[in-house]
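Got chain Z; can you put chain Y on it based on the hints?
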Amino acid sequence: MISHPHEDIEAFALGALDELEARRVLAHANSCPTCSILLADAMSTAAKLEPAGERPLAAPIAMGAIAARPTAGARDPVASFVRWASAFGAVAAIFALLIWNVNLRSNTLTVPVAALVHSHFEHHALHGGAGSAKVIQAIDGHWLYLVADGLLPRTAYRLWEISAGSPHIVGTMRTDSSGRGTGYWEQTPTKLSGFVLTPSDADTTSPRALRWP
Amino acid sequence: MTDPSPADLVSRLVQGDPVALEDAYREHAARCNAIAYRVLRDEDRARDAVQEAFLSLWRHRDGLVVRSAGIGPWLVVVTRNAAIQMLRRAATRTSREERAATADTDPSAPDPSDVVAAGAESQWVRSAIAALPAEQRAVIEYAYFRYMTMSQIAERTKTPLATIKRRAQIALRQLASKLREQQT
Chain Z
1 MISHPHEDIE
11 AFALGALDEL
21 EARRVLAHAN
31 SCPTCSILLA
41 DAMSTAAKLE
51 PAGERPLAAP
61 IAMGAIAARP
71 TAGARDPVAS
81 FVRWASAFGA
91 VAAIFALLIW
101 NVNLRSNTLT
111 VPVAALVHSH
121 FEHHALHGGA
131 GSAKVIQAID
141 GHWLYLVADG
151 LLPRTAYRLW
161 EISAGSPHIV
171 GTMRTDSSGR
181 GTGYWEQTPT
191 KLSGFVLTPS
201 DADTTSPRAL
211 RWP
Chain Y
1 MTDPSPADLV
11 SRLVQGDPVA
21 LEDAYREHAA
31 RCNAIAYRVL
41 RDEDRARDAV
51 QEAFLSLWRH
61 RDGLVVRSAG
71 IGPWLVVVTR
81 NAAIQMLRRA
91 ATRTSREERA
101 ATADTDPSAP
111 DPSDVVAAGA
121 ESQWVRSAIA
131 ALPAEQRAVI
141 EYAYFRYMTM
151 SQIAERTKTP
161 LATIKRRAQI
171 ALRQLASKLR
181 EQQT
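Chains as they are written, first to last, in our numbering: chain Z, 1 to 213; chain Y, 1 to 184.
It is worth saying that the hints were derived from the structure and are not from the lab. Where a beta carbon is used, it is the ideal one built from N, C-alpha and C, also for glycine. Mixed in with the good hints there might be a few duds.
What the hints assert, rightly or not - Simulated coverage check for chain Y against chain Z, where a stretch passes if three residues somewhere in it have a Cβ under 8 Å from a Cβ of chain Z:
no.: 1; segment: 27-34
no.: 2; segment: 38-51
no.: 3; segment: 61-69
no.: 4; segment: 74-81
no.: 5; segment: 143-156
no.: 6; segment: 161-174
Said to hold, decoys possible - Reference listing, derived: stretches of chain Z covered by chain Y, where coverage requires no fewer than 3 residues with Cβ under 8 Å from a Cβ of chain Y:
no.: 7; segment: 12-25
no.: 8; segment: 36-47
no.: 9; segment: 57-63
The following block holds chain Z by itself, in its conformation from the complex (with noise of 0.2 Å):
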């Protein structure tokens, strides 16, 4: 079973692992949906650390060399095995929700893991309420993914989304022991224009809900 390396993410942002616990942490998280999207959350909050500026290269490095190197793929072990670990893991953890009874809107479930790699996708964090959330949704429209961190534990929790000014449910996820939460869904396309999660004995209007935009 593949653990989740939460408690390093925010100390990979920060530069504050060693070599190979970072590239751990970078090879487990380039192939889960849940780590990269908090590892990006987490990058993007260290880069903003960074002060501006610019300091031109005297040499400029060749681009060309560089693409015409071997992929990690084939020379880092490490990361190999954590990637194929990691698919195998998000393989195992769709099974389980399938297991929990998470609803599906789409009687045809993919892996979430192989939506996102072959797929373009956006993503749309949640805010309000208490917690945090994030929602990917794949450009196309036709699947949704959604994680959430830091809500009520053992709660379940609905995900609404807005089209044509109505919000309508996509589906419902429960959290664990430490209020962390998953959920996929597919569907058929549709102009979306926001998002809402609350707990399922709320409606979209509860100061409990988190809302995108």
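Coordinates of chain Y only, in the frame set by chain Z:
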């Protein structure tokens, strides 16, 4: 040359287009070099760190992190990490490390929050960092501005490693939240 959008650049990188790497280099190399130089204070080693960061970008182009984070933040963090790893690998201490060591032991040295404030550029970053609880601010300062690993911070502060990691986690998330508030 047309100025590619960030999404277009990512898309072309994912497809393995070497020209996209050149475009990314043109757009980000000078900033990456400034970041690496700030850490290393050495032109040649800074260039090596930049090269390592772009090599890493190319190697990880089909992973999820580049697409999630975007090329800019990804390169900033990876360049900085590469430079810090070089610093740690170096057998001799750089003058910057010596300054950091002096600051650690010299009672007249500035408060860590001042060091943090000097390192971060904009006012809203400074105020966000200053608003963190002292123990979280200290972790940010040790990790981000003195290049210490989580283990070293734990040892230095005689605090369990898990506690230090948790403080870093909370601190960075609080910073993200505060910076978001400031920007809206």
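Quick rundown of the hints versus the structure:
Counting residues of the segment 27-34 of chain Y whose C-beta sits closer than 8 Å to any C-beta of chain Z gives 5, which meets the bar of three, so the coverage hint holds. Given as covered by chain Z, the segment 38-51 of chain Y passes the check, having 6 residues with a CB less than 8 Å from a CB of that chain where 3 are the minimum. Restraint check on the segment 61-69 of chain Y versus chain Z: 7 residues with Cβ-Cβ distances below 8 Å, three needed, restraint holds. For the segment 74-81 of chain Y, the proposed coverage by chain Z is satisfied: 5 residues have a C-beta within less than 8 Å of a C-beta in that chain, meeting the threshold of three.
For a cut-off of 8 Å, the count of residues in the segment 143-156 of chain Y with a CB near a CB of chain Z stands at 8, and the three-residue condition holds. Remark: the segment 161-174 of chain Y is confirmed as covered by chain Z, as 8 of its residues place a Cβ nearer than 8 Å to a Cβ of that chain, reaching the required three. Chain Y is given as covering the segment 12-25 of chain Z, and this holds because 9 residues of the stretch bring a CB closer than 8 Å to a CB of that chain, at least three being needed. Counting residues of the segment 36-47 of chain Z whose C-beta sits closer than 8 Å to any C-beta of chain Y gives 11, which meets the bar of three, so the coverage hint holds.
Coverage of the segment 57-63 of chain Z by chain Y holds in this model, with 6 residues showing a Cβ closer than 8 Å to a Cβ of that chain against a need of three.
Comparing the model with each earlier hint shows no violations; every hint is respected.
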